[in-house]
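*Asks:* Here's the letter readout for the chains.
2 protein chains.
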Amino acid sequence: MILKSQVEWVLHCCAILAGLPEGRYLSTKALAELHGLPKEYLSKALQSLSQASLVETTLGPSGGYRLARAPSDINFLEIVEAVEGKARSFTCTNIRENNPCRPAGYCDSKPCAVARIMWEADEAWRDTLRRVRLSDLVGTLSEEVPADIWRSTFEWVLKRAG
Amino acid sequence: MILKSQVEWVLHCCAILAGLPEGRYLSTKALAELHGLPKEYLSKALQSLSQASLVETTLGPSGGYRLARAPSDINFLEIVEAVEGKARSFTCTNIRENNPCRPAGYCDSKPCAVARIMWEADEAWRDTLRRVRLSDLVGTLSEEVPADIWRSTFEWVLKRAG
DNA sequence: CTGTTTTCGGATAGTATATGTCCTTAATTC
DNA sequence: GAATTAAGGACATATACTATCCGAAAACAG
Chain V
0 MILKSQVEWV
10 LHCCAILAGL
20 PEGRYLSTKA
30 LAELHGLPKE
40 YLSKALQSLS
50 QASLVETTLG
60 PSGGYRLARA
70 PSDINFLEIV
80 EAVEGKARSF
90 TCTNIRENNP
100 CRPAGYCDSK
110 PCAVARIMWE
120 ADEAWRDTLR
130 RVRLSDLVGT
140 LSEEVPADIW
150 RSTFEWVLKR
160 AG
Chain X
0 MILKSQVEWV
10 LHCCAILAGL
20 PEGRYLSTKA
30 LAELHGLPKE
40 YLSKALQSLS
50 QASLVETTLG
60 PSGGYRLARA
70 PSDINFLEIV
80 EAVEGKARSF
90 TCTNIRENNP
100 CRPAGYCDSK
110 PCAVARIMWE
120 ADEAWRDTLR
130 RVRLSDLVGT
140 LSEEVPADIW
150 RSTFEWVLKR
160 AG
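So the sequence lines, in the order shown, correspond to chains V and X. Position 30 of the first sequence, counting from 1, maps to 29 under numbering that gives the first Met the number 0, and the rest follow consecutively. Position 100 of the second sequence, counting from 1, maps to 99 under numbering that gives the first Met the number 0, and the rest follow consecutively.
Worth flagging that the hints you see were computed from the coordinates, not collected in a lab. Careful: at least some of the hints might be erroneous.
Each pair of labels, with its calculated beta carbon distance range [claimed, not checked]:
1) Gly104(V) with Glu32(X): 16 to 26 Å
2) Ser134(V) with Asn97(X): 20 to 30 Å
3) Glu119(V) with Asn97(X): 29 to 39 Å
EDC-like mimics (lysine to aspartate or glutamate), calculated; alpha carbons at most 20 Å apart, straight line [what the hints assert, rightly or not]:
4) Lys109(V) with Asp135(X)
5) Lys3(V) with Glu119(X)
6) Lys38(V) with Glu55(V)
Beta carbons are placed, not taken as given, at the ideal position from N, Cα and C, and that holds for glycine.
Construct the complete structure from the given sequences, taking the supplied hints into account.
*Replies:* Encoded structure:
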């Protein structure tokens with residue numbers, strides 16, 4: 000059970016977009032360079048954010064991405080699910096139905112007990128991510144990243160933001 | 000992020016093994032037939048349980064698997080990790096190090112803030128599974144599965160248990 | 001002792017998914 | 001009109017999952 004590397008990518012990208020001034024856009028090219036990522040493939044991940052309506056885009060030079068909502072109104076789960084999908088990590092194939100001791104045509108009243116437990120764990124994972132806002136990440140980063148690096152990074156970004 | 004189907008398989012198998020009388024063994028063949036699973040591949044999953052010391056084995060006819068500990072002393076996380084591995088679902092590749100604004104040779108004092116949040120969610124998932132004992136599953140099943148199916152299943156099992 | 005059954009490990013093949021690249025199209029800016 | 005961008009399709013590669021087959025060693029029955 001391994002998350003796509005795209006999850007890591009878009010989380011870092013969203014943190015950068017969260018620091019972008021109102022009305023400005025940042026391109027795939029800039030985000031790829033800033034994080035040392037393959038531009039073409041990162042583009043696919045950003046398209047996922049776009050399809051999930053987490054970011055807005057414009058075309059042309061000075062075009063790119065910006066957040067569609069305030070960082071305090073976007074949580075981690077939304078970002079993760081945008082690229083990873085909303086499917087549960089555990090899929091029940093109902094192997095209990097293969098039990099040769101079952102009467103033919105017997106129908107279960109409840110979903111499988113095994114699945115219910117696995118889904119509960121899945122929900123705990125989702126709940127944790129749902130509780131963390133993008134603004135929380137930005138807050139942590141602005142505290143932990145050395146001030147000069149933090150500042151020069153956004154100078155670098157603003158120089159490239161349309 | 001999708002768990003292997005083997006996870007579902009071994010959980011159901013452990014539930015059956017938990018109902019096995021003291022000192023008896025159940026073979027891969029029987030477990031595969033009972034759940035309608037490919038015998039050879041299920042064998043790999045059961046080997047994982049064996050390597051994790053969750054089950055004990057004997058060879059020869061009348062050989063097979065039995066639980067190494069009481070069902071109340073085995074939790075879901077142990078079983079899941081036996082086949083799924085103990086690795087975290089989110090792997091941090093430290094893309095922040097690619098930031099061109101970083102001074103050369105700069106070293107981070109803490110693990111990445113993004114990773115810490117993702118790992119926290121991972122821990123919530125693990126905690127949930129850790130809290131559920133195999134005996135809890137058996138308890139639920141014995142309540143929910145119709146008594147006649149439950150009984151005939153274990154008659155079927157005992158007929159094949161060595 | 002011989003033959004059968006079992007677990008276990010290695011080898012191998014097929015399938016699905018993840019990763020990565022390339023190209024075209026339409027919109028936007030200058 | 002030329003350059004730049006997001007979007008999406010097509011395609012290739014890599015990695016993991018699923019599945020099967022085989023041989024070895026151990027246990028058991030006759």
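*Asks:* Now tell me if each hint is right for this structure.
*Replies:* Hints, verified against the model:
Between Gly104(V) and Glu32(X) the beta carbons are some 20 Å apart, a value that agrees with the proposed interval 16 to 26 Å. A beta carbon spacing of about 24 Å between Ser134(V) and Asn97(X) agrees with the range 20 to 30 Å that was offered as a hint. In this structure the supplied range 29 to 39 Å holds for Glu119(V) paired with Asn97(X), their Cβ-Cβ distance being about 38 Å. Proximity of Lys109(V) to Asp135(X) is assessed by CA-CA distance (about 17 Å); at most 20 Å being required, the pair is judged to hold.
For the proposed pair Lys3(V) and Glu119(X), the alpha carbon gap of about 17 Å is at most 20 Å, so the pair holds. In summary, the hint linking Lys38(V) to Glu55(V) is supported, as the alpha carbons are separated by about 18 Å, within the 20 Å threshold.
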